[in-house]
Amino acid sequence: MIEFLSDTGVVLAIVFILLTAIYLLVLFILMLRFFKQTKEQIEKNFIRRWEERIFEYLATDKHPVKVLEHFNRYRYKNLLLFLRNYILTLKGKDKDKLLHLINDTELYEYLITQLNSTRKRKLIFGAYFLGLAKSKKATGELRKKLKSRNKFVFLSCAIGLAKIDAEETLDDIFTEAHKFEGLSLDTFQSILLEFNDSICGLLLKRLNIETSNELKSMIISTLRHFKYFPPSPDTLLKLLNDKNDKIVIEVLKYLGEIEYIDASDKIKIHLQNPNPDIKVEAIKAIKKIGDTSLERKIWDLLYDDNHNVKVTAAEAMYDFSDESREKLDRIKYSSPGTLESSIAKMIIEERAIQLY
Amino acid sequence: MDTLSNFITYYNYLIFYYFIVIITIYIILNVLSFATLYKYTRKVKFVELKDVFRLRNYKPITVIVPAYNEENCIVENVKSLLQLEYPDYQLIVVNDGSTDQTLSELIKNFQLKNVSFSPYYEINSNPIKDVYLSPTFPKLVVIDKDNYGKADSINAAINISKNPLITVIDADSILERDCLLKIARPFTENENIVAVGGIVRIANGCKINHGYIEEVGLSKSWLARFQVVEYLRAFLFGRIGFDVLNSILIISGAFSCFKRDALISVGGFLSGSIGEDMEIVVRMHKELRKKNPKVRITFIPDPVCWTEVPETLKTLKSQRIRWQKGTMDSIRLHKDMFMNPKYKWLGMVVFPYYVIFEVFGPFIEITGYIVFVISLLLDKVPLNFAIAFFTVAFLYGVVLSTLAVCLEELTFKRYANAKHLIILMVTALFENFGYRQMTAYWRFKGFIEYLFGRRTWGKMEKKGFNNKDTKIIRTGYETK
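Protein sequences, first through last, are from chains A and B.
First residue of the first sequence? That's 3 in our numbering, and the numbers climb one at a time after it.
First residue of the second sequence? That's 457 in our numbering, and the numbers climb one at a time after it.
Note that these hints are calculated values from the structure, not bench results.
No experiment lies behind these values; they were computed from the predicted model shown.
For glycine and all other residues, C-beta sits at the position ideal for the given N, C-alpha and C.
Any given hint could be a false lead.
[As the list claims (entries may be wrong)] Interface residues of chain B toward chain A, partial, derived using beta-carbon atoms under 7 Å:
1. Tyr576
2. Ile579
3. Leu589
4. Leu596
5. Ala844
6. Ala849
7. Cys862
With the sequences and hints as input, model every part of the structure.
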């Protein structure tokens, strides 16, 4: 090896390769930065020129088509990115006018072209902006693209449809979601949240036929988000017996959130569940519902093996009633020096200091 | 003479093959990291996740801040910690027997009230003297105890913590506002995860306002700049690469998150240990994998925590000596994991890597330089080979450092100023000429000191974020 590295030719070759690698890396970094800054500069200049025109459009009755007169098509992308911030922040009439600017001009055609592009990035861009602009007339196009084999294309179209509030496509979204393994659950959840709360009835129906546990729990958390009170609790109560713990946890949270008092009999069974996370949610749900008849059972959970269950039980005892609060306070005499008394004291002190 | 001559020859071979192996490992780590980061950053754009964070099953967190003589920054830092974005968290500040005004500053600024409270000690820790709560800031708990070190302070806080997740941070760490959301996320995605670490970035030179990074910058000190590149390399390559193999042996004590149950079941942090942040991770792998082989300790590549690094040679030296001792201590305490197939990649690859390249690495490197010089003097190695070897080694170091800068520019782009980016590239070049050899020598010193029984902590001198002209002298609560 020493002989090998003593050969000047070999050494020079290695040194040359390493120097070239350094040079190329430096060049690559500089190019990345150059492109980034150029892009930012273009955007800045664009905003400088267009801000005034957009405000003029908002302030007058100018037709949207007139605004885009003499506007270079290749700058549409910049314009849309620029409009995005306003659409996200403005409300009412101003926002509607901006949506018209997209839907009733060439910008709409441009977005449809983007959506039909074979390039993934363009397609995602089109789907997003058609959704942002609430282009109801693009529902069909977006729905077709849902069938894409690409996960990101599917998600972008689904977000678009959700923003448009195309409820009729909900089943398609769920059906297509099944195709993808490792789908980002956070992103899928955000899709459901983009819909209006009128989606809840359909979601409840979907819950009956949905086979994926992940999607089921996302449906339930969406219903919780909208605080939807179901006309019949049967589906949810049935899901309380589901084998999947995540679903049970979600149902408990949901029932607690809507304070579904008739469910407390079913919920109390889970106070004995071997999974501490389920016990915790069952305690919280009962506390929210305010079923004081279960006080005794919750008191017992103060002596559970799991720390989090003990803490949640102590918090529930504090909040239930004056009697349960006193009972919690008495624990320092009945079982001094135990973890339970330590937790109880901590909760009492924590709450008391807030009243100070 | 022949024996010496043979020894020198074989030692030179050892150094050479050591170099080849480490190059290969770094290349593999680079590839793994590039792939992981590419996947991580390839998220769908334009998705607003705030509602999702609120809905998903995020568990409540207790944030523990051990503080020793932090009077200059503690109030500002606690204020910023009280404004973190997270649905449900408790903040416990532990005054670890500070000799300055840390406790009184906290009492005064947060209107703390002493509450009668005697905790139940689930894990060993020295007694808690007092517990304080704040009527104005219900999330805040301050505990006062005698000075027994960082590990003991954390254990004390774990004993009174009420939430299922525990985040440990340094009192002078500067956190991103959404750091808890990011660090808690892996726990919701995989229930086998027991601990998560985050990337630590360097705050020297950054503009800091009310405990938050306002503008990312670079220090004027070259020593701090060298460490910026060093941290980029260590975090973006090293830890991400090892994470793929579920073999992370250290997560930074400046910002880490654990399952409370897991910490309790392993007995908490080891009091008196030199590198408690590494030791706890190794012990968790060892103990928890016995019960559940799927246990995972992971790492999030988002830049979530910023910390101050030494700007003087004296402080840096003391830090590096301590790090070396900490690594050796953790490895020695769990030596039975070495080449143990029960721990899969960790036992068979990563643990041996740490033994060879982290524990013995500085020794091999420094003695290698010495033997190399002797070889040259004795004419055992041709001069052109020596020049070639060092040139290749240095250039390879430059390639690695530049790759780290490149990865940063490809992913997080936190250095917005072009001038800073150019400085970073220049730093990546010069870091390999002198700085790396100097740190290798300090680690070598740590190696020798540890072997011969000097296993104490040194002193850590920090400038502090709030008072640019004043230097605060304090013992080392600073972590790898």
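Are leucine 596(B) and chain A close enough, Cβ to Cβ, to be under 7 Å, as the hint says? violated (10 Å)
Agreement of hint alanine 849(B) with chain A interface, Cβ distance less than 7 Å: Status violated, d = 10 Å.
Given tyrosine 576(B) as an interface hint, is its Cβ closer than 7 Å to any Cβ of chain A? Nearest chain A Cβ about 4 Å off; hint holds.
Would the hint on cysteine 862(B) be counted as holding, given a Cβ-Cβ threshold of 7 Å to chain A? Constraint on cysteine 862(B) satisfied, holds at 5 Å.
Close enough to count: is the Cβ of alanine 844(B) nearer than 7 Å to one in chain A? holds (4 Å)
Interface restraint verdict for isoleucine 579(B) against chain A (beta-carbon cut-off 7 Å): violated (12 Å)
Taking the least C-beta to C-beta distance, is leucine 589(B) closer than 7 Å to chain A? Since chain A brings a Cβ to about 4 Å from leucine 589(B), closer than 7 Å, the hint holds.
In summary, the structure is inconsistent with hints 2, 4, 6 from the numbered list given earlier, while agreeing with the others.
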